[in-house]
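Join the two chains, each given in its own frame, into one complex according to the hints.
For the protein sequence lines, the chains are A and B, in the order given.
For the first sequence, my numbering assigns the number 1 to the initial residue and increments by one for each residue that follows.
For the second sequence, my numbering assigns the number 1 to the initial residue and increments by one for each residue that follows.
Keep in mind that the hints were calculated from the coordinates and are not lab data.
Idealized CB from N, CA, C, for every residue including glycine.
Among the hints, erroneous ones may be present.
[Claimed, not checked] Among chain B residues calculated to face chain A with C-beta under 10 Å, some are:
#: 1; residue: Pro-43
#: 2; residue: Glu-44
#: 3; residue: Pro-108
[To be verified] Result set (BS3-like, lysine-lysine): computed pairs, CA atoms no more than 30 Å apart in a straight line:
#: 4; chain 1: B; residue 1: Lys-71; chain 2: A; residue 2: Lys-3
#: 5; chain 1: A; residue 1: Lys-103; chain 2: B; residue 2: Lys-11
#: 6; chain 1: B; residue 1: Lys-71; chain 2: A; residue 2: Lys-103
#: 7; chain 1: B; residue 1: Lys-57; chain 2: A; residue 2: Lys-103
[To be verified] To spell it out: a stretch of chain A is covered by chain B in this simulated footprint if at least three of its residues, at any positions, have a beta carbon under 8 Å from a beta carbon of chain B; those stretches are:
#: 8; stretch: 21-33
#: 9; stretch: 103-116
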Amino acid sequence: AQKITQTQPGMFVQEKEAVTLDCTYDTSDPSYGLFWYKQPSSGEMIFLIYQGSYDQQNATEGRYSLNFQKARKSANLVISASQLGDSAMYFCAMREGLGYTDKLIFGTGTRLQVFP
Amino acid sequence: DTGVSQNPRHKITKRGQNVTFRCDPISEHNRLYWYRQTLGQGPEFLTYFQNEAQLEKSRLLSDRFSAERPKGSFSTLEIQRTEQGDSAMYLCASSPSGGANYEQYFGPGTRLTVT
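Isolated chain B (complex conformation) (with noise of 0.2 Å):
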């Protein structure tokens, strides 16, 4: 049974550029999350899928954010036009539906750097 698993583990672009990661859930789980990681901070949630259906939104996920999971399998983030202050830690997670615990099991994370 294989992890979360993200691609790239690291991303250096220059300001205003457009990025693309990648999150690949644990097989059977059908809930993947997105969320965003500062220096110093806890993970900040961005939004989550059932399946391919997107439930829910943060409000911190401006309109240069997107995210798909055209396929209820792997999903993709994009940034659009990215800004210095996107420079964070994208950490994908999982987790089965339902469950009498609802763990989320997180990715080793993508390290985004705006320079």
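Excised from the complex, chain A in its bound form (with noise of 0.2 Å):
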């Protein structure tokens, strides 16, 4: 069973509007952690948010933001006032039992287009 589900291949936004991604996960782990990374043409995954499976409040940094709704197993991206540098490849990620083990498990992405 896929533990990280991004149903959307592609998506495009104008800029300066907002774009949701959409993210479900699977896990009967307690403890987890929740990543967003971005993926440009170049290769190189960048980090952008994190949300821990017992924070209280949704995580925030800068133009992002993560809708972590625990009891629907979702954790959407919200990217607001979307600039043309936000064209990429964005990823959800999840790491169970923290400390335990260590690895990502990833989406298979989504294609964000920023048009002017």
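As structure tokens, this is what we get:
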């Protein structure tokens, strides 16, 4: 079974608009972390934002916020005021059992294209 | 503070040849990870090290793959008798031991093409 599901292969957004990238996850572990990474065409994975399973508030980092709905097992990324430089692949990832295993499990990604 | 570096950035090899990739993590980071990414997919975990100890290996890591981190600093990933299915981007990441959010910092990757 897929542990991380990203159902949007591609998204378009106009510059300065907000966009939401969807991510659902599947785990029975009560301790986990959720991450979003950006991968531009150059290939490097750039960390954007983190949400811990016990965090009470949604994470925010500048123009990025994470809409964490634990009961629905979703961790959607919201990018406000999109910029042309936001065009890239975006990956949602999960780390289970914090402290016991260290691997990240990634989804298949969403390609975001920002147009003027 | 330099980031994670990987060499080479690109490697083209013929099927059956051996290849070795190098990863230099961020200097104070104790944890080092290897992932493989094929076209249209997210990265898949291969293995990780805490200092020089290899603590976890994926079942994806066949006997032809071996990784080392001999002095707890840089790491090498070797693929023996390469196959066309090994063509992928090989990503290295590092993170500090502990840390509240366990963020992993990725390098630029080594793109392997097996002909």
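Open item on the list: Output the indices of the hints that this structure fails to meet, ascending.
Closed with: Failing hints, ascending: 4 and 8.
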